[in-house]
Amino acid sequence: MTAYLVWRLIQTAVVLLVMSFVIYGLIGLMPGDPVDIMAASIPGMTPEVMANLKAIYGLDQPLMTRYARWLMAALGGDFGYSRTHSLPVLQVLAPALLQTCKLMVASFVLSVILSMALGLISALRPGGWVDSIISLFAFAGISVPVFWLALILILAFAVGLQWLPASGMGRVGDYGFWDQTRHLVLPVLTLTLANTGQFTRYVRAAMIETLQMDFVRTARAKGAAPSRVVFVHALRNAMVPVVTIMALSFGTLFSGALVTETMFAQMGMGKMIYDSILSNDFNLALTGLLFATLVTLIANFAADIAYALLDPRITLQ
Amino acid sequence: MSLAEKAPPLAGGRAASDSIWALRWKRFRQHRGGVASLVVLALLAAFCLAAGPLETLRGVDAVQTDLFKRYEPPSAEHWLGTDDAGRDELARLMRGGQISLLVGLLATVIGGVFGVTLGLLAGYFGGRLDSALMRFTDGMIALPLLPLLIVLGAIDLTKLGFSPDTAHSPSMSFWRIIVIIALVDWTAIARLVRASTLSVKEREFVLASRAGGAGHLHIMAAHILPNIITPIIVAFTLTVGRVILFESVLSFLGFGVTPPTPSWGNMLNNAQELVTVAPALAIYPGLLIFITVIAVNFLGDAMQHAFDPRSEE
Numbered sequence: 001m002t003a004y005l006v007w008r009l010i011q012t013a014v015v016l017l018v019m020s021f022v023i024y025g026l027i028g029l030m031p032g033d034p035v036d037i038m039a040a041s042i043p044g045m046t047p048e049v050m051a052n053l054k055a056i057y058g059l060d061q062p063l064m065t066r067y068a069r070w071l072m073a074a075l076g077g078d079f080g081y082s083r084t085h086s087l088p089v090l091q092v093l094a095p096a097l098l099q100t101c102k103l104m105v106a107s108f109v110l111s112v113i114l115s116m117a118l119g120l121i122s123a124l125r126p127g128g129w130v131d132s133i134i135s136l137f138a139f140a141g142i143s144v145p146v147f148w149l150a151l152i153l154i155l156a157f158a159v160g161l162q163w164l165p166a167s168g169m170g171r172v173g174d175y176g177f178w179d180q181t182r183h184l185v186l187p188v189l190t191l192t193l194a195n196t197g198q199f200t201r202y203v204r205a206a207m208i209e210t211l212q213m214d215f216v217r218t219a220r221a222k223g224a225a226p227s228r229v230v231f232v233h234a235l236r237n238a239m240v241p242v243v244t245i246m247a248l249s250f251g252t253l254f255s256g257a258l259v260t261e262t263m264f265a266q267m268g269m270g271k272m273i274y275d276s277i278l279s280n281d282f283n284l285a286l287t288g289l290l291f292a293t294l295v296t297l298i299a300n301f302a303a304d305i306a307y308a309l310l311d312p313r314i315t316l317q
Numbered sequence: 318m319s320l321a322e323k324a325p326p327l328a329g330g331r332a333a334s335d336s337i338w339a340l341r342w343k344r345f346r347q348h349r350g351g352v353a354s355l356v357v358l359a360l361l362a363a364f365c366l367a368a369g370p371l372e373t374l375r376g377v378d379a380v381q382t383d384l385f386k387r388y389e390p391p392s393a394e395h396w397l398g399t400d401d402a403g404r405d406e407l408a409r410l411m412r413g414g415q416i417s418l419l420v421g422l423l424a425t426v427i428g429g430v431f432g433v434t435l436g437l438l439a440g441y442f443g444g445r446l447d448s449a450l451m452r453f454t455d456g457m458i459a460l461p462l463l464p465l466l467i468v469l470g471a472i473d474l475t476k477l478g479f480s481p482d483t484a485h486s487p488s489m490s491f492w493r494i495i496v497i498i499a500l501v502d503w504t505a506i507a508r509l510v511r512a513s514t515l516s517v518k519e520r521e522f523v524l525a526s527r528a529g530g531a532g533h534l535h536i537m538a539a540h541i542l543p544n545i546i547t548p549i550i551v552a553f554t555l556t557v558g559r560v561i562l563f564e565s566v567l568s569f570l571g572f573g574v575t576p577p578t579p580s581w582g583n584m585l586n587n588a589q590e591l592v593t594v595a596p597a598l599a600i601y602p603g604l605l606i607f608i609t610v611i612a613v614n615f616l617g618d619a620m621q622h623a624f625d626p627r628s629e630e
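Listed in order, the protein sequences are those of chains A and B.
Just so we're aligned, residue 1 is where the first sequence starts under our numbering, counting upward by one.
Just so we're aligned, residue 318 is where the second sequence starts under our numbering, counting upward by one.
It should be emphasised that the hints constitute simulated quantities derived from the structure, not laboratory data.
Check the hints yourself; a few may be wrong.
[Said to hold, decoys possible] Simulated DEER-style distance windows between Cβ atoms:
no.	chain 1	residue 1	chain 2	residue 2	range
1	B	Phe442	A	Asp60	28 to 34 Å
2	B	Arg445	A	Trp178	57 to 63 Å
3	A	Thr65	B	Pro481	24 to 30 Å
4	A	Arg182	B	Gly444	56 to 62 Å
5	A	Val232	B	Gly532	51 to 57 Å
6	A	Val232	B	Pro543	44 to 50 Å
7	B	Ala512	A	Ala117	29 to 35 Å
We put the CB at the ideal spot given by N, CA and C, even for glycine.
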């Protein structure tokens, strides 16, 4: 077990290192470079001064040299300044990370609860009309473009019914707990609906498989109450693969969060990455993307361990 | 009547291979959602392909802007009204559909062929090659794809050596989105093909072929691939749906198909404005994406049911 954990940790670190290089290289291929952008706002900038500036910032060096220099600084905790926010990158990212956590945790928990209920009901009578309706709902959840779902919800609840705010994180002057919560309702609803479809299909498949297993038949045969068989015997066993696969879908959840935050103007990680790429804020984009990758890797790592801990039949090696 | 005429067709002969597909077709038809999806997809394809003829017939086109006619309601001239630049909405929906569907198919085929090749090699040769390829695949799966796609979509192609004219041409924006989606969306197929290859490669017919001196390439192409083709077809189908969603969100965010070329995604670029000014225009393109993808997913589900005799529900 320990050997496996160490091996997985090394693996995760390697993937992160490789990704940092790939992302660094890709960001370098985006239009312009920091000095070009600076020059664009200074009239009378001469080519000599620009060349000088590029030399000072090391932008004339080859990619590997620049990357090595960035990596050394990053390992020391220095991720540079954000161009658009005029703050150290980490100071900009910290509140965004918190905002994204709120959104993602809330929708993840709601999706899990909802999908467990729906998947369970579906699995009790596969092929029945209730199952058909739930399956249709699940397919709809998988197939809907998240940004359009957000649009429809805005159209219905903000423009039409005027129950909820269409965007933002709070009203100027209020910004209390309830105000912030009100602003989170539609984003959370969007992300929850978008995830529940896939999750429901996982739960349904796992429950159908488990309900056919010998130990469930044994439990029924010995006279356990039907509800006890479903909730205690079957559900607990079906949950193991389901929880794992849900944790593995973290990357998808984050992609959904990016879209949702952009649609509802929530200053989370997703919107921050999107904005920073649009506005050529290279340091912020690079660090944001790496954070997103890191968090996804950690989630996958945790899923692996949880899988082993929950199911005694699995041994990690 | 001679004996040969009475004998059933030989296994492996044409009649036998026809009959397995006939059987699968029969099972497919039992799936109501699948049949309905096939009809819906055929209608959608016809809708998009009719763009040219219908434009000639109605005397409108998808490109002509008219700023005096912004956001017009449906009329005899513009059946679904006009958009923010006074262009015919219906014509743009049809043209945009061509782009969105074509991107979906092409990116799936390109990424899919890559995934199949990788999965076949990993599964067939095993060992070091297998672990290296699968670590690579696992690494890709772990990544948050959308942010990565946005970065890929933001790349300045002139820095890769393309001339500015080529880099900013409409056909480049079309091929760029196909390539970047294909670059990231091959992992599911690669894993599936690897697993299927592993389950087939030790079977008698493969061993017999190998004992007969067949080369690796021949074994993979003639014996393994035909025997794992059904899960590959299902996976390709489901990938088409996912790719269409990726294309739409990237184009919506401004990193995909660039205007004035319409795609269902970029027709919603100014959605925030549409929601208040012309809500119907915010609904049409997304609804078409939604219908297309849900039909594709149902089709995949029906094919899975048809191809796998064990799935009885």
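Against the structure, the hints:
1. In this structure the hint that Phe442 (chain B) and Asp60 (chain A) lie 28 to 34 Å apart at CB is violated, the actual value being about 44 Å.
2. Distance hint check: the CB atoms of Arg445 (chain B) and Trp178 (chain A) are about 59 Å apart, consistent with the given range 57 to 63 Å.
3. One distance hint, 24 to 30 Å for the beta-carbon pair Thr65 (chain A) and Pro481 (chain B), holds here, with the actual separation near 28 Å.
4. For Arg182 (chain A) and Gly444 (chain B), the Cβ-Cβ distance of about 58 Å falls inside the hinted range of 56 to 62 Å, so the restraint holds.
5. Taking 51 to 57 Å as the suggested C-beta distance range, the pair Val232 (chain A) and Gly532 (chain B) conforms, at roughly 56 Å.
6. Evaluation of the 44 to 50 Å hint for Val232 (chain A) and Pro543 (chain B) yields a pass: the beta carbon distance comes to about 46 Å.
7. Take Ala512 (chain B) and Ala117 (chain A): their Cβ atoms lie about 32 Å apart, and the range 29 to 35 Å holds.
Taken one by one, the earlier hints fail for this structure only at number 1.
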